[in-house]
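S.K.: Each chain, written out:
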Amino acid sequence: MQQTRTVELGTGLFALLGMGALFFLTTQTTGGEDFSADKTFKVTARFDNVGSLRPRAPVSMSGVTIGRVTRIDFDPVALDAVVTLDIDARYDQLPEDSDASILTAGLLGSQYVGLQAGGSEFYLEEGSEIMLTQSAIVLESLIGKFLVRGGSDDSSD
Amino acid sequence: MFRDLYYNVFEFVRTFGALQLFFLRLLAHSPTVIWRRFGLVTAQVHNTGALSLVIIIICGFFVGAVLGLQGFSNLARFNAEDSVGAVTALALVKELGPVITALLFAGRAGTALSSEIGLMKATDQLSAMEMMAVNPIRRVVVPRFLGGVVAMPLLAAIFSMVGLLGSHLVCVSLLGVDVGSFWQQMQLSVEIADINEGIVKSVVFGIAASLIAVWEGYNAIPTAEGVGRATTRTVVITAIVVLIFDFMITAVAI
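Note that the protein sequences, when read in sequence, are chains H and E. Here numbering that gives the first Met the number 0 is used: the first residue of the first sequence is 0, the next is one more, and so on. Here numbering that gives the first Met the number 0 is used: the first residue of the second sequence is 0, the next is one more, and so on.
Excised from the complex, chain E in its bound form (with noise of 0.2 Å):
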């Protein structure tokens, strides 16, 4: 029993310190790639941002909808409903914009990169670009790792804004909270730092998703088992990084 717990703490941080090699890895090839192969990282962005707009914008619209229900019915016990804007916009930029964008876009995007990655592997064209010299960590990997990067901050504050026109809509179309209070109590709540903390929050999930995606299926056991267990492992251990991560900031922005 000790043995086994010895090989998995050992296994652990093997595999932790080969992430960060692998990290390193993807940074060096980085700018060569956004200099010379442009296109490959916009047709990500493409892939994993804009293609996730459906999901994210219905989402965002839902979860700021019954932000604002319910912070309306239960501010209403203390006659404070023109504070609904302020509570739901707080809620949405400093925290779940970032984190149920995070979370989505590893059910969404992280799913499909580790899978077509594995893929790529199983089936040898991995190995076959590398027989034509064509190195496939810069051809196949930083491109799906950098539109990673670029997408999910963007996605982000898509959610928020769309969480906020579905707060907006609950709360003054249909409850009845007045309008310029709705807007003005978030106008004073909300400062600059807030929106500063939900776009580092989202740039560092943003990192952690697409590294955890690309990860996960470059290193998939080659077989269809293997490249399906390392689809799940993204969306696992993308949601436990990102939560833990989430506290940290949040920890250290206040």
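Chain H extracted, bound-state conformation (with noise of 0.2 Å):
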């Protein structure tokens, strides 16, 4: 009797660790919500270029992030990509002149929505856009560029 007992508690030990582990993972490792707010707001940017931007990638100002990129449709009238903007309503004070810009945090980082303030008076809300944007920078131009001009440097010298 006194080892069946033995058994069920360590089988039960056993159980519960293991199902511990699994919340543990499922919690844990995934989710990366460090941006979380029951009310926001939606604004609007437009780009050139998004890059590699993905949607739930963060919308940072000062480096904090405020908000998330929930959605990137293409426009096939005007023929750039509409970024939906996902705000925490606590920051209903930014300028309407504020400027979007996508960066990459690092060299090799994910890339985000970086928000510079601008002198407005008037504040973003719900539905108003971004007008001032500024497209990804893809890195392979930037190197195309670079080798262009680096080449006719050389002619002139």
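Since the hints were made in silico from the structure, they are not lab data. All values reported here derive from a predicted model rather than from experimental measurement. Among the hints, erroneous ones may be present.
Short derived list, chain E residues pointing at chain H, Cβ under 10 Å [to be verified]:
# : residue
1 : HIS45
2 : VAL92
3 : ALA150
4 : LEU153
5 : PHE158
6 : VAL161
7 : VAL189
8 : ILE194
Far from chain E by the CB rule (all over 12 Å, computed), these chain H residues [what the hints assert, rightly or not]:
#  : residue
9  : ARG55
10 : PHE73
11 : PHE145
What follows is a set of in silico ranges between Cβ atoms, one per label pair, in the way DEER data are often shown [stated by the list, open to error]:
#  : chain 1 : residue 1 : chain 2 : residue 2 : range
12 : H       : THR43     : E       : ILE253    : 26 to 36 Å
13 : H       : ASP72     : E       : LEU26     : 41 to 51 Å
14 : E       : ILE253    : H       : MET130    : 36 to 46 Å
15 : E       : GLN69     : H       : THR69     : 32 to 42 Å
Here a beta-carbon is modelled for each residue, glycine too, at the ideal position from N, C-alpha and C.
Two chains, two separate frames, one set of hints: put the complex together.
M.R.: So, in structure tokens, the structure goes:
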């Protein structure tokens, strides 16, 4: 009898530990919600090129995540990309003429949208559009430009 | 020579088919065993799972630690050592957790299962049960099979978790990676689909490893040599099957 109890106790502990490990893996290693807000408002921004920006990428201002990219659509009329940003409703006093640029976190990091405050007295609100935008820097085209320019410099010497 | 080849291929196909039928038989008996003799399954979960914890935890810790060490030294070349958490977590959860656990499981629990059943057969215990109108499949084989199937996914999850802790210890405590970016990078890159892939793999490997172990034991030649050979074959076949399945599941998942 005593031995059965020990076996059952060991099995129970093992099963609990296993389920605890599963719980740990599903909750602690995934998600990555460093931004969560109950109330948000949506603004849009148009970019010529979004690079490798993806939905769920952070929107940050002064390095603080204040929102998230929710949608990236292509506008077939204006021929550019429309990025919808979900911004925490607490930050409802962002100047309307703030500009948005697509930046890269580190050399190999993922891309995010960085906002730079403007000077307007009107604020961004639900449905407004950010007019001043700067596209993603595509490394390949940058290297291409550099190579072309480097070549011409050599010939002028 | 062609005759041998023909014979070998023929035997392989026959064994493969017999294994499928054996698997179906186990499945057919499983509900009754779970319903009526749950205690037997619990005892086997203890046997294959709880008693394998030591090897799983120690190996998981060091696999995670060495992943952290290797990841750190390679990523540091690109100044990307913050991503080491993401690298180790993905490697552990998707691949190394299920695969290494299955290989260790075959070595620790699979061999025990097949040699135990094989020895029962060699000492005529299985025949004795049949004489007493006890179905040895139901009494001996199915509980061991089910115990392995239950234990393996839990062991794989424990392996991955302990591996992450080992990696955390090496990277954060010894090498000085920032603890916040270690976990944040991990959380940003590990998706719930990755965890699911690991769970699917560990369940499939658990079924495969347990099935092969009890099959080899149940069909062992009832001599000392035969039992030894069955034990060896359990490890070899499980390792091959697990790695093949690993490739196939990964190919489907991607």
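S.K.: Taking 10 Å as the limit, does the beta-carbon of HIS45 of chain E come near enough to a beta-carbon in chain H?
M.R.: Holds: closest Cβ of chain H sits about 4 Å from HIS45 of chain E, inside 10 Å.
S.K.: Against chain H, run the beta carbon of VAL189 of chain E and see if the smallest gap drops under 10 Å.
M.R.: Nearest chain H Cβ about 5 Å off; hint holds.
S.K.: Against chain H, with CB atoms and a cut of 10 Å, does the hint on VAL161 of chain E hold up?
M.R.: VAL161 of chain E check passes; min Cβ-Cβ to chain H is 8 Å, inside 10 Å.
S.K.: With chain H as the partner, please determine if ILE194 of chain E meets the hint condition of a C-beta pair closer than 10 Å.
M.R.: Given a least distance of 5 Å, the restraint on ILE194 of chain E holds.
S.K.: Taking the least C-beta to C-beta distance, is PHE158 of chain E closer than 10 Å to chain H?
M.R.: holds, 8 Å
S.K.: Please test the hint of 32 to 42 Å on the beta carbon pair from GLN69 of chain E and THR69 of chain H.
M.R.: holds, 37 Å
S.K.: Given VAL92 of chain E was flagged as interface, is its beta-carbon under 10 Å from a beta-carbon of chain H?
M.R.: Result: holds, 6 Å to nearest chain H Cβ.
S.K.: Less than 10 Å between beta-carbons is the criterion; does ALA150 of chain E satisfy it with respect to chain H?
M.R.: Holds. Min distance 8 Å.
S.K.: Does ARG55 of chain H really sit off the interface, with its C-beta more than 12 Å from all C-beta atoms of chain E?
M.R.: violated, 9 Å
S.K.: Does 36 to 46 Å hold as the CB distance between ILE253 of chain E and MET130 of chain H, or does it fail?
M.R.: For MET130 of chain H against ILE253 of chain E, whose Cβ atoms are near 41 Å apart, the range 36 to 46 Å holds.
S.K.: Taking the closest pair, is the beta carbon of PHE145 of chain H still more than 12 Å from chain E?
M.R.: holds, 20 Å
S.K.: Is it correct that the beta-carbon of PHE73 of chain H has no partner in chain E closer than or equal to 12 Å?
M.R.: For PHE73 of chain H, whose nearest Cβ neighbour in chain E is about 25 Å away, the distance exceeds 12 Å, so it holds.
Going down the numbered hints, you'll see the structure goes against just number 9.
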